[in-house]
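We have chain A; now place chain B onto it with these hints.
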Amino acid sequence: MSVFITSLVLWLLLTKFTYSELLAGVIVSILVALTLRKYHGIKYDWKLLWRFIYYVFAYLPVFVVEMIKANFDVAARVLNPKLPLNPGFVEIKTDLKGEASKLFLANSITLTPGTLSIDAKGERLFIHWIDVKSMENKEKYISQRFEKLLKGVFE
Amino acid sequence: MSANVIIGDILIAIGAFFYFLGGLGILRMPDVYNRLQAGTKATTLGTFSTVIGVGISKPEFLIKALIIVAFVAMTNPVGSSVLARASYLSGVKPCDCTKVDEYKGGGEE
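Chains A and B, in that order, give the protein sequences. Residue numbers for the first sequence follow numbering that gives the first Met the number 0, so the first one is 0 and each next one is one higher. Residue numbers for the second sequence follow numbering that gives the first Met the number 0, so the first one is 0 and each next one is one higher.
The shape of chain A in the complex, shown without the other chains (with noise of 0.2 angstroms):
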């Protein structure tokens, strides 16, 4: 029910609203409701909304200047002749509990600078660094601004 509820406000957003958008926005997202039934419901609480205000706030801000100085970052590499580049893969321990955050956490990470996160197994995760600066305190470089507010967020 949750979930036809998002998918049919989401689709009402994207679409000008007419009889035969809104017959045809029901019927998908009746489809998608019943197809997505099994994995997951969307719980609709106070709870939600404060987690949303939060992370409209005090998360999005830091995560879009960190965006763009990763793509300045990648941008300078690549127009540098040398192509300054100093790979590898390294392994990080994130505190973080919840599937969700796990994902928002590796989400933030491939979104900024040279780091683009590989794989997951359980408390560690696996990243791809375009800059190995070094190799310990490597949770400071990479994960440590987004953890605490990903905690405060889902948490």
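If you are wondering where the hints come from, they were derived from the structure by calculation, not from laboratory data. Cβ atoms here follow ideal geometry from the backbone N, Cα and C, with glycine treated the same way.
Residues from chain B shown here face chain A by an in silico Cβ test under 10 angstroms; the list is partial:
| # | residue |
| --- | --- |
| 1 | L35 |
| 2 | I66 |
| 3 | P76 |
Once the Cα atoms are required to be at most 30 angstroms apart in a straight line, the calculated DSSO-like pairs of lysine-lysine come out as:
| # | chain 1 | residue 1 | chain 2 | residue 2 |
| --- | --- | --- | --- | --- |
| 4 | B | K63 | A | K68 |
| 5 | A | K101 | B | K92 |
| 6 | A | K101 | B | K63 |
| 7 | A | K68 | B | K92 |
Chain A stretches covered by chain B per the calculated footprint, using a threshold of three residues with CB under 8 angstroms from any CB of chain B:
| # | stretch |
| --- | --- |
| 8 | 3-14 |
| 9 | 60-74 |
| 10 | 79-88 |
| 11 | 113-127 |
Structure of chain B alone, referenced to chain A:
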């Protein structure tokens, strides 16, 4: 020409420039993993700034543009992670310049 159209055009130009850098990065980088880095990083800002530029110069598309940005931000990193993992596990060698490899053997202990 009103101000929001000019801002939108500037954002679209920035986005096009970052797409160019992404393509250049894919050409210049030595191996799959570094190419994926260039492909994800440079094109995310390219996509975001192009789509938001369209949303600003045509305000009736702004909500749709924000939803598109949210979906791209959620799906793009998942795609590149899966590509990198699949190519590692199917035995694509990283280039010789790679310094450390703690993921050897798929991360099994």
